[in-house]
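Novice: So you can see what is in the structure, the chains are spelled out below.
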Amino acid sequence: MSDKFIVEIISPDQTILKQETNEVIIPSFEGQMGILNNHIPLITFLRPGIVTIKAEVEKKYYLEEGTVEFSNNNLLILTSTAKDLDHLDKSKINELLRKAEANLNTQSTDKERYVASYKLETLKEISQ
Amino acid sequence: MPSLDDLKKRIKSVKSTQKITKAMKMVAAAKLRKAQESAEKGRPYSQKMQNIILNLTKSINDPQNAPKLLVGTGEDKKYLCVVLTADRGLCGGFNSNICKLAKTNFKKILGEGKELNIITVGSKGHDQIKREYGKYVIKKFSFKDKKNISFNEADEVGKEVISLFNQNKFDKCIIFYNNFKNVITQIPQAQQIIPAETKNLKESNGENFSYEFEPEEDEILEDLLPKNISTQVFKALLENAASEQGSRMTAMDNATRNAGDLVDKLTIDYNRSRQASITKELIEIISGAESL
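If you're matching them up, the sequences are chains A and B in order.
Per the working numbering, the very first residue in the first sequence carries number 7; after that it's consecutive.
Per the working numbering, the very first residue in the second sequence carries number 5; after that it's consecutive.
Be aware that one or more of the hints could be misleading.
Unchecked claim - DMTMM-like, lysine to aspartate or glutamate: derived pairs with alpha carbons at most 20 Å apart:
#1 B/151 - A/19
#2 A/117 - B/136
#3 A/117 - B/222
#4 B/163 - A/19
#5 B/185 - A/19
#6 B/26 - B/268
#7 B/35 - A/19
#8 B/45 - A/19
#9 A/130 - A/101
#10 A/65 - A/14
#11 B/176 - B/220
#12 A/117 - B/221
#13 B/173 - B/80
#14 A/24 - B/44
#15 A/117 - B/218
#16 A/24 - A/118
#17 A/60 - A/101
#18 A/117 - B/41
#19 B/111 - B/136
#20 A/24 - B/41
#21 B/45 - A/127
#22 B/150 - A/19
#23 B/38 - A/70
#24 B/163 - A/71
#25 B/62 - B/222
#26 B/163 - A/118
#27 B/139 - B/116
#28 B/52 - A/131
#29 B/52 - A/19
#30 B/45 - A/118
#31 B/52 - A/14
#32 A/98 - A/127
#33 A/105 - A/70
#34 A/117 - B/220
#35 B/104 - B/80
#36 A/117 - B/9
#37 B/163 - A/70
#38 B/52 - A/71
#39 B/143 - B/91
Because the hints were derived from the structure by calculation, they are not lab data.
Every value quoted in this text rests on a predicted model; they were computed, and no experiment measured them.
Build the full structure now, drawing on both the sequences and the hints.
Specialist: Below you can see the structure in the form of structure tokens.
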């Protein structure tokens with residue numbers, strides 16, 4: 007039996023990615039989560055972070071939010087903010103980073119602060 | 005009988021109108037391809053979103069505590085209608101069809117003695133609706149200056165709807181838009197988005213998974229439902245954009261053809277009266293020569 011499954015990343019205006027993969031790591035709301043095939047059916051949502059798709063070529067996407075469903079060996083990531091890391095240039099990252107920094111202190115609830123701090127952290131990680 | 009000169013002028017003016025409609029048809033055809041493409045690309049997202057919500061709904065055991073966005077307020081008194089139309093005219097019955105459908109619904113809602121609020125998206129729809137239902141319109145959106153509709157615009161509308169819902173301004177929300185079937189057929193549609201229509205949900209395949217939720221399912225629903233509203237609005241906007249171009253293309257194609265027919269008819273008239281005047285002159289000359 008193959009140990010592959012299908013991963014799809016869909017944004018409101020297009021299907022960004024659909025391919026077979028061995029493993030996907032997603033930044034789930036409560037922490038990083040690795041998904042292999044035959045995972046139990048799962049629904050969760052994401053915090054800002056990086057999705058890593060491990061196939062022959064490893065692919066990374068930055069995203070700010072999203073919803074994930076896994077069923078029947080089909081991983082579905084719905085997000086409106088996914089960006090391919092290979093095609094994201096430095097200036098854009100820095101701009102996002104500046105905005106995130108400015109945003110961090112204006113959040114009122116714990117949840118918002120949590121999301122904002124992860125956003126900042128991820129962006130810092132990318133910009134290095 | 006119009007004079008030769010009049011006919012000539014009319015032929016010329018019809019011909020230049022034809023040129024304009026032909027150009028508009030061509031532009032619409034080019035835009036249609038793009039709009040259709042993005043409508044088709046946008047479909048999976050909204051479908052899958054619906055699917056996830058369906059799966060989540062199935063696993064809710066306690067409808068009393070389910071989020072209000074999903075099950076509604078339990079009342080049926082106040083309605084919010086979102087009418088999505090185009091910003092430009094000259095696209096056949098496109099705008100009128102949506103408005104007609106919306107107006108029949110307004111009449112029904114008001115006839116039942118319920119409260120009505122209207123949000124219009126697109127200036128053409130606003131113009132048509134404000135004549136009769138102006139006092140019910142609480143907000144209007146227009147994305148005239150936007151070249152392509154992106155998710156942000158839909159999100160703007162979606163957030164407005166949700167904030168009104170949170171202020172308890174309405175119990176049910178219906179959106180009106182044209183569903184793009186193909187270039188010649190666009191079907192005006194009324195879709196209820198709050199509370200989420202569950203009758204479609206039941207019809208879908210009965211696969212039932214016991215999902216693992218992380219975090220808890222109500223938290224996921226709380227995150228997902230507002231997003232779903234925006235997604236549905238976005239879907240409607242995309243379908244509308246494609247429909248608008250399709251509708252304009254057929255309308256302009258018809259106009260071009262009609263102009264062609266008109267030119268043919270006028271040309272025959274023109275030739276006939278030219279011939280008549282020549283014949284008349286000939287008769288005058290001949291009878292003048294005979295009398296000599």
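Novice: For each hint, tell me whether it holds in the structure or not.
Specialist: We went through each hint and held it up to the structure:
1. B/151 - A/19: 15 Å, holds
2. A/117 - B/136: The given pair, whose Cα atoms are some 45 Å apart, is violated under the 20 Å limit.
3. A/117 - B/222: 15 Å, holds
4. B/163 - A/19: 19 Å, holds
5. B/185 - A/19: 18 Å, holds
6. B/26 - B/268: Answer holds: residue 26 of chain B to residue 268 of chain B is near 17 Å, not above 20 Å.
7. B/35 - A/19: Answer holds: residue 35 of chain B to residue 19 of chain A is near 16 Å, not above 20 Å.
8. B/45 - A/19: Status holds; Cα separation ~6 Å.
9. A/130 - A/101: 11 Å, holds
10. A/65 - A/14: 13 Å, holds
11. B/176 - B/220: 27 Å, violated
12. A/117 - B/221: 16 Å, holds
13. B/173 - B/80: Measuring from Cα to Cα gives roughly 12 Å; hence the hint holds.
14. A/24 - B/44: Holds - the C-alpha atoms of residue 44 of chain B and residue 24 of chain A are around 16 Å apart, at most 20 Å.
15. A/117 - B/218: 15 Å, holds
16. A/24 - A/118: Violated. Residue 24 of chain A to residue 118 of chain A sits at ~31 Å, over the 20 Å cutoff.
17. A/60 - A/101: 28 Å, violated
18. A/117 - B/41: Roughly 37 Å between the alpha carbons, so the hint for residue 117 of chain A and residue 41 of chain B is violated.
19. B/111 - B/136: This hinted pair holds, its Cα atoms lying about 11 Å apart.
20. A/24 - B/41: The given pair, whose Cα atoms are some 18 Å apart, holds under the 20 Å limit.
21. B/45 - A/127: Violated - the C-alpha atoms of residue 127 of chain A and residue 45 of chain B are around 32 Å apart, more than 20 Å.
22. B/150 - A/19: 16 Å, holds
23. B/38 - A/70: 27 Å, violated
24. B/163 - A/71: 17 Å, holds
25. B/62 - B/222: 13 Å, holds
26. B/163 - A/118: 17 Å, holds
27. B/139 - B/116: 18 Å, holds
28. B/52 - A/131: 31 Å, violated
29. B/52 - A/19: 13 Å, holds
30. B/45 - A/118: Distance of about 31 Å is beyond 20 Å: violated.
31. B/52 - A/14: 11 Å, holds
32. A/98 - A/127: 16 Å, holds
33. A/105 - A/70: 13 Å, holds
34. A/117 - B/220: The given pair, whose Cα atoms are some 15 Å apart, holds under the 20 Å limit.
35. B/104 - B/80: With Cα atoms ~23 Å apart, residue 104 of chain B and residue 80 of chain B exceed 20 Å; violated.
36. A/117 - B/9: Cα-Cα ~78 Å, so violated.
37. B/163 - A/70: 18 Å, holds
38. B/52 - A/71: 16 Å, holds
39. B/143 - B/91: 16 Å, holds
Consistency with the previously given hints fails for numbers 2, 11, 16, 17, 18, 21, 23, 28, 30, 35, 36, ordered from lowest to highest.
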